[in-house]
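Enquirer: The chain contents come next:
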Amino acid sequence: MLIRPIFTILIYLEKRLHEIAYVNPRSLSIFRIIFASFYLFVFGIPGYSWISQAPDIFFNPPALSVAALFSEFPSAAFFQVVDFLLPLLFILLLFGYKTRYVSLILSLLIIICNSFKYSFGKIDHVIIFELTLLLMAFSDWGKYYSIDSYNRIQNRLGKKRNYGTSLLALCIGFGFLTAAVPKYTWVDLDLSTQAVRGWLNTAYYVKKTDKYLVGWFMELKSNLFWEVMDILGFLFEVTFIAACFMSRRIFRVWLCFAVFFHLIIYLMLNIGFVHQVLVYGAFVDWTKVFPADNKGEGSRTCSRDIRKWLLTVLGVILCIYGTVSLLGVSYRSLYSLFFSSYDVKLFILLCSSIIAVYYLVSILYRYLFSGRRTNTTHDP
Amino acid sequence: MKKRYFVSRALILCFLVVPFVLTYSPLGLEPYPAVIFPGGGPHLGKHLGSEFRVQHESRLYMLTDRGEIKVDYARLVKPIPAGNAIYVMNNGFGLRNSRSDLSVTTREEGAGWIKGRLKKLTGVDEKHIKGLKYIRCRLQIYYGPEGQIKEKCRIKSVTSL
Chain A
39 MLIRPIFTIL
49 IYLEKRLHEI
59 AYVNPRSLSI
69 FRIIFASFYL
79 FVFGIPGYSW
89 ISQAPDIFFN
99 PPALSVAALF
109 SEFPSAAFFQ
119 VVDFLLPLLF
129 ILLLFGYKTR
139 YVSLILSLLI
149 IICNSFKYSF
159 GKIDHVIIFE
169 LTLLLMAFSD
179 WGKYYSIDSY
189 NRIQNRLGKK
199 RNYGTSLLAL
209 CIGFGFLTAA
219 VPKYTWVDLD
229 LSTQAVRGWL
239 NTAYYVKKTD
249 KYLVGWFMEL
259 KSNLFWEVMD
269 ILGFLFEVTF
279 IAACFMSRRI
289 FRVWLCFAVF
299 FHLIIYLMLN
309 IGFVHQVLVY
319 GAFVDWTKVF
329 PADNKGEGSR
339 TCSRDIRKWL
349 LTVLGVILCI
359 YGTVSLLGVS
369 YRSLYSLFFS
379 SYDVKLFILL
389 CSSIIAVYYL
399 VSILYRYLFS
409 GRRTNTTHDP
Chain B
77 MKKRYFVSRA
87 LILCFLVVPF
97 VLTYSPLGLE
107 PYPAVIFPGG
117 GPHLGKHLGS
127 EFRVQHESRL
137 YMLTDRGEIK
147 VDYARLVKPI
157 PAGNAIYVMN
167 NGFGLRNSRS
177 DLSVTTREEG
187 AGWIKGRLKK
197 LTGVDEKHIK
207 GLKYIRCRLQ
217 IYYGPEGQIK
227 EKCRIKSVTS
237 L
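Residue numbers (the numbering used here), protein chains in the order written: chain A, 39 to 418; chain B, 77 to 237.
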């Protein structure tokens, strides 16, 4: 009796999610290049060799994880191989070579290594990085601006439907819900207790962070202000999952709010969720920033030559990387040579905030002056 | 077709919901991977901001036959991130007697590793090192010119080396 209505509701919600989270494959391909570039040149590829330096007595894996199948840390050789492979796979991802398989292998490797990284007793809640790699394997982010796009053979995974971005949107919404649920005690309407201010005090007095606006926020003594921050923080996070099913515009507006949220957290607490902000970029229409040349899909006269050229460049880069690795030079990222991680994170958050402000202003302009209030499937 | 649809969607929902439920259940079993974002946090106590603030502090002491010496736990467990050090200490550096899964060799190697690190940090010879004591303190720090501090400490673990 109940199955049919549940089935109907599920289909409806799924259809809404697909419409809302749909991203133009060209835009998604540009996002792939941005994503891989950020990890190669800015954030740095995660390294795991340090794990093998810890004694096996520290091995305390989460009970439900890949690491729980082991009785001790893997050997140093395993982590060294992984540390060698990860940048290589990111280079392949950047060039869009066997994109789906590379995304899958990358995500699986990172999940396995992270399960060992979290075997010291603490799990970091930064799942969004490996999750994006896993889910984008089921999307079209290798369809354009890639070596694969010049290859006639199409990969089978995700051929019929682009599930990747829909699942990513669902995971982001659900993730925020999981963050909101433990915070329900924050909404107590009691001006003598404030939670965000508690975090600020921990950052200032315990972690001894005082960059950017930490000091300024410490001077704010208004209990009403801090109580409002508690309530707004909770409401924003708990409503995100609903925004995933309402409309394209509302979902993207919530993503913009999320960017501001992370910026404020960084300025106030010096806690950066820059990896998460980068993932929100999957839902930006990058074809407006980097428009296509409109030559059409048909002009593939030079496709074989372009593919050969790209493969050659890729081969040269991989050879250089292999040689550098054999010489024992450890590469994690370029930015660390020139900039402090704090300033780079702030730069990324500010750029993301500018994109978010631009988007919000543009829809406000359209709403107020153009009289366009449509929410069509491809309305950004 | 309907059955396959239901099963696949049910699996996706299970992957999302079950880990979250397990994490916040009395079992406290957080799986990995799981779609759980950072949440919760300290709820500021009353009078905070006007009279005092509360701060928690972890302290590690090396036990020798000549007394106790305070040790920087973050440097002790390097290259393990400092954020994980507290969990390692809470776990008694993995040397609790209740752990039956550890072989004698692994224990000895682990204890030797820790003693070696302690020697590098403090200069105390390994033969004088008897163990480690991890203490968690709750500090109530009063504002004002006197800046009185009320301290309440609890021994979380004592590890023999």
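Incorrect hints may have been included.
Derived list of chain B stretches under chain A, where covered just means 3 residues or more per stretch with a C-beta under 8 Å from a C-beta of chain A [said to hold, decoys possible]:
(1) 85-94
(2) 106-114
(3) 199-213
(4) 224-237
For the record, the hints were derived by calculation from the structure and aren't laboratory data. Cβ coordinates follow ideal geometry from the N, Cα and C atoms, glycine included.
Enquirer: If a hint holds in the structure, say so; if it doesn't, say that too.
Expert: Taking the hints in turn, this is what the structure says about them:
With a cut-off of 8 Å between beta carbons, the stretch 85-94 of chain B has 3 residues touching chain A; three or more are needed, and the interface restraint holds. Here's how the stretch 106-114 of chain B fares: 9 of its residues keep a CB closer than 8 Å to some CB of chain A, so the rule of at least three is met and the hint holds. Coverage of a stretch by a chain is defined here by at least three residues with a beta carbon nearer than 8 Å to that chain's beta carbons; for the stretch 199-213 of chain B and chain A the count is 0, and the condition is violated. For the stretch 224-237 of chain B, the proposed coverage by chain A is not satisfied: 0 residues have a C-beta within less than 8 Å of a C-beta in that chain, short of the threshold of three.
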